[in-house]
Amino acid sequence: MDTGIKQAGIKKPGVDTAVIRIRDLNISFGSNHVLKDFNLVLGKGESVVVLGKSGSGKSVLIKCIVGLLKPDSGTIEVFGSEITEMDDEELDHIRVKIGFLFQSNALYDSMTVRENLEFPLRRRWINVEQDEINNMVMEALTNVGLENTVDMMPAELSGGMRKRIALARTLILKPEIILYDEPTSGLDPVTAKEISDLIVEIQKKYNTSSLIISHEMNTVRRTANRIVILIDGKCYADGTYEELSGSADKEVQPFFSK
Amino acid sequence: MELSKSVQQFLLETGNIARFTGRFFRQLFTPRNEYAEFFRQCYVIGYNSLALVGLTGFIMGLVLTLQLRPSLLRYGVESQLPAMVGIAIVREIGPVITALIFAGKIGSSIGAEIGSMKVTEQIDAMEVSGTNPFKYLVVTRVLAATFMLPVLVLLSDAISLYGSWLGINIKGVTSFDLFFSQVFDNLAFGDVLPAFIKTFFFGFAVGIIGCYKGYYSNKGTEGVGRSANSAVVVSSVLVFIIDLVVVQITDLMGLN
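Top line first, the protein sequences correspond to chains A and B.
Under our numbering, the residues of the first sequence are numbered 47 to 304, in order.
Under our numbering, the residues of the second sequence are numbered 4 to 259, in order.
Errors might be hidden in some of the hints.
Under the rule of at most 30 Å between Cα atoms (straight-line distance), these lysine-lysine pairs were calculated in the BS3-like manner [what the hints assert, rightly or not]:
{"#": "1", "chain 1": "B", "residue 1": "K222", "chain 2": "B", "residue 2": "K108"}
{"#": "2", "chain 1": "B", "residue 1": "K138", "chain 2": "A", "residue 2": "K116"}
{"#": "3", "chain 1": "A", "residue 1": "K90", "chain 2": "A", "residue 2": "K116"}
{"#": "4", "chain 1": "A", "residue 1": "K280", "chain 2": "B", "residue 2": "K138"}
{"#": "5", "chain 1": "A", "residue 1": "K251", "chain 2": "A", "residue 2": "K90"}
{"#": "6", "chain 1": "A", "residue 1": "K296", "chain 2": "A", "residue 2": "K280"}
{"#": "7", "chain 1": "A", "residue 1": "K82", "chain 2": "B", "residue 2": "K222"}
{"#": "8", "chain 1": "A", "residue 1": "K143", "chain 2": "A", "residue 2": "K250"}
{"#": "9", "chain 1": "B", "residue 1": "K138", "chain 2": "A", "residue 2": "K220"}
{"#": "10", "chain 1": "A", "residue 1": "K99", "chain 2": "B", "residue 2": "K222"}
{"#": "11", "chain 1": "A", "residue 1": "K143", "chain 2": "A", "residue 2": "K99"}
{"#": "12", "chain 1": "B", "residue 1": "K138", "chain 2": "B", "residue 2": "K8"}
{"#": "13", "chain 1": "A", "residue 1": "K251", "chain 2": "A", "residue 2": "K143"}
{"#": "14", "chain 1": "B", "residue 1": "K138", "chain 2": "A", "residue 2": "K143"}
{"#": "15", "chain 1": "A", "residue 1": "K116", "chain 2": "B", "residue 2": "K222"}
{"#": "16", "chain 1": "A", "residue 1": "K220", "chain 2": "A", "residue 2": "K90"}
{"#": "17", "chain 1": "A", "residue 1": "K82", "chain 2": "A", "residue 2": "K116"}
{"#": "18", "chain 1": "A", "residue 1": "K143", "chain 2": "A", "residue 2": "K82"}
{"#": "19", "chain 1": "A", "residue 1": "K220", "chain 2": "A", "residue 2": "K250"}
{"#": "20", "chain 1": "A", "residue 1": "K280", "chain 2": "A", "residue 2": "K90"}
Label-pair ranges, simulated between beta-carbon atoms [stated by the list, open to error]:
{"#": "21", "chain 1": "B", "residue 1": "E16", "chain 2": "A", "residue 2": "K82", "range": "30 to 36 Å"}
{"#": "22", "chain 1": "B", "residue 1": "F243", "chain 2": "A", "residue 2": "K220", "range": "51 to 57 Å"}
{"#": "23", "chain 1": "B", "residue 1": "E95", "chain 2": "A", "residue 2": "S127", "range": "57 to 63 Å"}
Rather than coming from a laboratory, the hints here were simulated on the basis of the structure.
Each residue gets a CB set at the ideal place from its N, CA and C atoms; glycine is no exception.
Please model the complete structure; the sequences and the hints are all you need to start from.
Here it is in C-alpha cells:
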C-alpha cells in the first residue's frame with residue numbers, strides 16, 4: 047500500500063552506512079503470520095523507532111536480529127553478514143557487537159548488580175584481569191548514575207533502577223548497535239523521561255546505532271531520528287516524527303493523536 | 004475421545020522428554036565446560052539438602068525400628084531387628100525415600116528457578132551474552148543432581164541406621180558395636196551395589212525432569228508454579244518406575 051508517507055524527504059542509509067539491513071522478512075507462529083515481507087534499514091549512528099500496536103510483531107523482529115528466533119524466509123544482514131543461516135558460534139561473533147535491552151530487564155535474580163554486569167564480560171573475555179573488570183563495571187554504572195548499587199540484589203532495586211542496571215549491562219561490552227525492547231514500558235512518566243534521555247545520551251557518547259521498539263509516544267518523540275510504523279506485519283510508513291505526526295493517513299494518525 | 008487426547012498428550016510429553024535428554028547428552032560432550040557453575044550447583048543441590056535429608060533419614064530409621072519390633076517380637080526373632088532394618092534401609096527405603104525428598108526439594112526448585120528465568124527472558128539474555136544456556140543451566144544442574152543424590156543417600160542410610168540403633172535402645176539395650184556388626188554381617192555385595200547404582204539414575208531423573216519442566220515453562224508466573232509442581236510429580240513417579248526396573252534387572256542377574 048502506498049501511504050504517500052514512505053521515504054518522504056528521508057535520507058535513507060546507503061549501502062555503506064547500513065549496519066542492519068532486513069529484506070522480505072517473514073515469520074509465522076502456526077497460522078499467525080506475524081511479519082510479512084518486512085523491510086528495514088538501520089544506518090550507522092541512527093536511532094530508528096519501530097512503532098506498532100501490541101502483538102504486531104515488534105519484539106519478534108528484534109529477536110530475529112540477534113538470532114533468538116529464526117525467520118521463515120527473508121534475510122537479515124548485520125554489518126554486511128547474513129545472520130539467518132549462521133550457526134551458534136558465528137552468531138556469537140555478531141552478538142558481541144549488539145546490545146539487547148529486554149522489556150523485562152532480564153537481570154539475573156540470583157546475582158548481585160556487580161555479578162550481573164560481570165557476567166557478559168567473563169563470558170566474552172575469559173582472560174581479562176579482575177581490576178579491568180572492576181573498572182568496566184564501575185564505568186558502566188557511572189554511565190547510568192547508579193555507582194552505589196554495585197553490591198545490591200536486583201530485587202532491592204526499583205523498576206527504574208533495574209532498567210538502568212539492565213542498560214548498564216547492555217553497555218558494558220560497548221556494542222555498536224543497541225536493540226531496545228519497550229525501554230520505558232511500565233515506568234512512571236518521570237522515570238520514562240530519564241530513561242529516554244539516557245538512551246539519547248548513550249547514543250551520542252558512544253555513537254551507537256539504536257533500534258527501539260516502543261508504543262509510548264513521549265519516548266518515541268525523544269529518541270527517534272526516524273520512525274517505522276509496523277502494521278499487519280509490514281512496514282506501513284517510514285518518516286521523521288514531524289512528518290508522521292502531521293500525516294492525515296487514518297492508519298498512522300491514531301499513533302500520534304493526543 | 005478424551006482418553007485418546009490424554010494418551011496423545013502423554014506420548015508427546017514422553018517424546019519431548021526423550022528429545023530433551025538426547026540434547027543433554029549431545030551438549031555434555033561439547034565445549035565449553037561450565038566447571039564453576041557445576042561446583043556451585045553441587046553446593047546448592049548437595050550441601051543445602053544435608054539437613055533435610057539427615058533429619059528425614061533419622062526419623063525413617065527410628066520409626067521403622069519401632070514399627071518392626073512388635074512383629075518380630077511376636078515371632079521371637081527380635082534379635083534379627085538390626086539385620087532386617089539394615090537390609091531394608093540400604094536396599095530400598097533409604098534410596099527411595101531420599102530420592103522422593105530430593106525430588107520435592109530439588110526438582111521443584113530447579114523447575115521454578117529455570118521456569119522463572121524463562122518467563123523473565125533471563126535465558127534469552129544469557130544466549131545474547133554468548134552463553135549456551137542449555138549447557139550453563141541444564142547440563143550443570145542435571146550432573147550435580149546425578150552426583151549429589153548418591154552422596155546424600157549414603158549419608159541418609161548412615162543416619163537412618165543410627166536412628167534405628169537409638170530406636171532399639173528405647174525398649175532394650177544393644178551396644179553400638181553389636182548393632183552395626185549385625186547390620187554389616189547381613190549385608191551382601193548384591194544388597195549394596197545395585198542400591199547405590201540406582202541412586203545415580205534417581206538423581207538424573209530428578210535433575211532432567213526439573214530442568215525440562217522449567218525450560219519449557221510458559222504462561223507467566225502461573226506457568227512457573229505449574230512447572231515446579233509438575234517437576235515433583237513426574238520425577239517422583241519416575242523414581243518408582245526406575246526402582247521397579249532396577250529390581251527386575253537385579254533379580255534377573257541373581258543379585259536379589
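Review point. Which hints from the list above does the structure break, by number from lowest to highest?
Key: 4 and 12
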